[in-house]
Amino acid sequence: MNMQQSITVRGKDRYKSGVMEYKRMGYWEPNYEPKDTDVIALFRVTPQDGVDPTEACAAVAGESSTATWTVVWTDRLTAAEKYRAKCYRVDPVPNSPGSYFAYIAYDLDLFEPGSIANLTASIIGNVFGFKPLKALRLEDMRLPVAYVKTFQGPATGIVVERERLDKFGRPLLGATVKPKLGLSGRNYGRVVYEALKGGLDFTKDDENINSQPFMHWRERFLYCIEAVNRAQAATGEIKGTYLNVTAATMEDMYERAEFAHKIGSNIIMIDLVIGYTAIQSMAKWARKNNMILHLHRAGHSTYTRQRNHGVSFRVIAKWMRLAGVDHIHAGTVVGKLEGDPNTTRGYYDICREEFNPTQLEHGVFFDQNWASLNKLMPVASGGIHAGQMHQLLDLLGEDVVLQFGGGTIGHPKGIQAGATANRVALEAMILARNEGRDYVHEGPEILAKAAQTCTPLREALDVWKDVTFNYESTDAPDFVPTPSMAV
Amino acid sequence: MRVTQGCFSFLPDLTDEQIAAQVQYCLDKGWAVNIEFTDDPHPRNTYWEMWGLPMFDLRDAAGIMKELADCRRVYGDRYIRVSGFDSSHGWESVRISFIVNRPREEPGFRLDRQESVGRNIRYATHSYAASRPEGERYADQ
Numbered sequence: 067m068n069m070q071q072s073i074t075v076r077g078k079d080r081y082k083s084g085v086m087e088y089k090r091m092g093y094w095e096p097n098y099e100p101k102d103t104d105v106i107a108l109f110r111v112t113p114q115d116g117v118d119p120t121e122a123c124a125a126v127a128g129e130s131s132t133a134t135w136t137v138v139w140t141d142r143l144t145a146a147e148k149y150r151a152k153c154y155r156v157d158p159v160p161n162s163p164g165s166y167f168a169y170i171a172y173d174l175d176l177f178e179p180g181s182i183a184n185l186t187a188s189i190i191g192n193v194f195g196f197k198p199l200k201a202l203r204l205e206d207m208r209l210p211v212a213y214v215k216t217f218q219g220p221a222t223g224i225v226v227e228r229e230r231l232d233k234f235g236r237p238l239l240g241a242t243v244k245p246k247l248g249l250s251g252r253n254y255g256r257v258v259y260e261a262l263k264g265g266l267d268f269t270k271d272d273e274n275i276n277s278q279p280f281m282h283w284r285e286r287f288l289y290c291i292e293a294v295n296r297a298q299a300a301t302g303e304i305k306g307t308y309l310n311v312t313a314a315t316m317e318d319m320y321e322r323a324e325f326a327h328k329i330g331s332n333i334i335m336i337d338l339v340i341g342y343t344a345i346q347s348m349a350k351w352a353r354k355n356n357m358i359l360h361l362h363r364a365g366h367s368t369y370t371r372q373r374n375h376g377v378s379f380r381v382i383a384k385w386m387r388l389a390g391v392d393h394i395h396a397g398t399v400v401g402k403l404e405g406d407p408n409t410t411r412g413y414y415d416i417c418r419e420e421f422n423p424t425q426l427e428h429g430v431f432f433d434q435n436w437a438s439l440n441k442l443m444p445v446a447s448g449g450i451h452a453g454q455m456h457q458l459l460d461l462l463g464e465d466v467v468l469q470f471g472g473g474t475i476g477h478p479k480g481i482q483a484g485a486t487a488n489r490v491a492l493e494a495m496i497l498a499r500n501e502g503r504d505y506v507h508e509g510p511e512i513l514a515k516a517a518q519t520c521t522p523l524r525e526a527l528d529v530w531k532d533v534t535f536n537y538e539s540t541d542a543p544d545f546v547p548t549p550s551m552a553v
Numbered sequence: 002m003r004v005t006q007g008c009f010s011f012l013p014d015l016t017d018e019q020i021a022a023q024v025q026y027c028l029d030k031g032w033a034v035n036i037e038f039t040d041d042p043h044p045r046n047t048y049w050e051m052w053g054l055p056m057f058d059l060r061d062a063a064g065i066m067k068e069l070a071d072c073r074r075v076y077g078d079r080y081i082r083v084s085g086f087d088s089s090h091g092w093e094s095v096r097i098s099f100i101v102n103r104p105r106e107e108p109g110f111r112l113d114r115q116e117s118v119g120r121n122i123r124y125a126t127h128s129y130a131a132s133r134p135e136g137e138r139y140a141d142q
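First to last, the sequence lines map onto chains F and P. Count along the first sequence from 1, then add 66; that gives the number in the working numbering. Count along the second sequence from 1, then add 1; that gives the number in the working numbering.
One or more of the hints may lead you astray.
What the hints assert, rightly or not - Under the rule of at most 30 Å between Cα atoms (straight-line distance), these lysine-lysine pairs were calculated in the DSS-like manner:
id : chain 1 : residue 1 : chain 2 : residue 2
1  : F       : K246      : F       : K233
2  : F       : K350      : F       : K328
3  : F       : K148      : F       : K200
4  : P       : K67       : F       : K233
5  : F       : K233      : F       : K515
6  : P       : K30       : F       : K233
7  : F       : K515      : P       : K30
8  : F       : K515      : F       : K246
9  : F       : K197      : F       : K82
These aren't lab readings, by the way, just hints derived from the structure by calculation.
Let the sequences and hints guide you as you build the complete structure.
If you want it as structure tokens, here you go:
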């Protein structure tokens, strides 16, 4: 398919009034070589029955850049060829008849510097509702260095976060306060204190804890900060609690963030549902106020989970690194939420590496240079427990926040015991790994040995020993291990 | 109380053999190992005193263990920590840090609260050990 020639109509015939196929209007340029400064998007295109795949892919390029349904003479008032997005490659999706990977290049001048809202309004704008397509998914993007450099990036970044917290050499430990809803401020602070004193580094508001009748936000903030300071004094360690400042308006969010800052919190959180512009605003605020910014990806599964339609989470992760959050939930692999191991690995690399090489088996389609933009700490949360520590360390590495909500608060001897169990399990595993032991296979043995001198860990291992979530993943990469000329 | 800063404070105190294994891990990664000590373990006390410079060129854990033994001889009544420093681009900071020596008694911290308007409280964490002048903080031991 890539051997085709351009069929673009040129000269004055191109601008005759009427309807012309997108692939003849200049949106299909199989010989185009993307420039280093181009933004590249990879879409999975599923055309309606009877629609020519090349035409469908050209239409995606057209509708996400300059085109409308008919020829317009006003194109001739512009450098139209530069502004047209160019689909330059169409491949059938392996093992998925009727779907095609379309590679589309966009000139840098199509985008406002430093604006996720502007980028996304083009790339995932009208085009997702385009009738000739059954389904459309944005799989990956290559963001040129020239564009990356127009963004602030993570307000704090992994290295500075670790320096501020004085915590090195191991994953950070957190827990989400449960129950998610209904606790009063005073009771809520109790959970925070117990978990932090027991050995966790962070506790966290859940995504839907904002300011409800059972607990208004100021109550929560004040009791939480008392708990954080008490736990710091009790342990001699820096502690934090993600105060969720998500609210109905920017003014409300700023008010809550300012208050968190005033009472001495080192971290706040926001939900993905506040929108890209609000996220960028909060990231700038966080940089200005020495605040770590945690992002809970509430809502993402509505568009990331199904393979044929929506936006891959790897793209969301890239946008969030640009937008400037410091933490992002990126999957656990072994926990209760969706997460194919290879796909999840791809997300983690996007958050943490300076350079991502193309790696189809991880769903990474492009080389991505992050140009020294800060690294962002992935967070593993949802259905994980101390007994999985060796797997978590192996799959997710060291620069990650491991969040055990139920796995801390559900401990039979209470929250402090749950926190201690997790911390001891983690430290024992890091010690063993650094000693060069085969900790992945000897994991259960290492944990059992650590439990000999730590009753809370022994109890945790007994309670949750058989808990796993083994379900078929709905979002695994589609690739052929060795490149071949697919026909 | 037990100060739980560093990577391994929730485990029983490391033996010298265990410390040497962690040091070797740092050296194998190409990190510079540093020994520091303090008699004020306040969580915001970033700059502990350095026992000499970070050992950028030392490639053998035994050499570092000897330095640690010397440091313990002089400052065995204080906190001593070992850290591994990675100078590679994009990190250029500490990669691991853990406590290898503690005073026999760890008096811990007092939390001071200053009540202010609107239920706000200014918190201050006070190291009990720091009530005495530097150098005399664990003199009884």
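**Index of numbered hints that the structure contradicts, given in increasing order** = 8
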